[in-house]
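Asks: All chains should be built: construct the whole structure from the sequences, respecting the hints.
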Amino acid sequence: MIGGQAVKKYLFPNFKWHSWLLALIIIGGVLCGAIAAYILDLVTCSELGQGLAALSPNADGRELYFNILKANSSELLKIYFFGLCLPGVFLLIGYLFFKSFSLGFLALFILRANPWPSFSAAIGAVLVPQILFFPLLVAAASLMFQMSLLIFYLNKQELLKEILAKSAIMLIILLICALVSLINSGLVIKLF
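Residue numbers 1 to 192, in the numbering used here, belong to the letters of the sequence shown in order.
Keep in mind that the hints were calculated from the coordinates and are not lab data.
Wrong hints could be hidden among the right ones.
[What the hints assert, rightly or not] Below, in silico cross-link-like pairs of lysine to aspartate or glutamate (DMTMM-like), each with a Cα-Cα straight-line distance of 25 Å or less:
1. Lys78 x Glu162
2. Lys166 x Glu75
3. Lys161 x Glu75
4. Lys78 x Glu158
[Claimed, not checked] For each label pair, taking beta carbons as the anchor points, the in silico distance ranges come out as:
5. Ala168 x Leu86: 21 to 27 Å
6. Leu42 x Trp20: 36 to 42 Å
7. Ile39 x Ser19: 26 to 32 Å
Note that this is a predicted model, so its numbers are computed, not measured.
Glycine included, C-beta positions come from ideal geometry on N, C-alpha and C.
Replies: Written out as structure tokens, the structure reads:
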């Protein structure tokens, strides 16, 4: 069997393997990020903490909301376009690993660093939006990972129906992203 026939026969009868693969990628990324934060020496850790404490977001809630919404929406759009292309599976794997790596690094960095008031507020401003947005990111990645695999499996008419269905679900995820961004901007303003 060559190409698409082998993919149809061996990968698609059991379509649950992609969930396990994504879970493994996320866990691996978080663990690698935590190991990277653990390897940092205390001097580098304190310099990084001072640099992060110097970053204070603008207190204007409207501007902060739109900045968070723009960042989160652009990430969801990247995932959407990764899912619509043929090498999208590999792009999604790399992107999800990178995002989980940064989350693991930041979480262990917070636990390891010596928190002082301005540092804690700056870390909260960075970590809270990532934690609240991460489930949306995983849901979108799982959806588009499946879409990227369906490109090999479906004919043109079925593929168009799937693209429309997945696009509608991505639009719902984008609307939830707007709500999460609003919550994030409110939490960041309260921290300062």
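Asks: If a hint holds in the structure, say so; if it does not, say that too.
Replies: Hints, one by one, checked against the model:
1. Of the pairs offered as hints, the one joining Lys78 and Glu162 holds, with about 18 Å between alpha carbons and a cut-off of 25 Å not exceeded.
2. Proximity of Lys166 to Glu75 is assessed by CA-CA distance (about 16 Å); at most 25 Å being required, the pair is judged to hold.
3. Distance restraint check for Lys161 and Glu75: the Cα-Cα separation of roughly 24 Å lies within the 25 Å cut-off, and the hinted pair is therefore satisfied.
4. Restraint check for Lys78 and Glu158: satisfied, since their Cα atoms lie roughly 23 Å apart, inside the 25 Å limit.
5. Checked against the hint of 21 to 27 Å, the C-beta distance between Ala168 and Leu86 comes to roughly 22 Å, which is consistent with it.
6. At about 38 Å, the CB distance of Leu42 to Trp20 agrees with the hint of 36 to 42 Å.
7. Between Ile39 and Ser19, the C-beta spacing of about 31 Å keeps the proposed range 26 to 32 Å intact.
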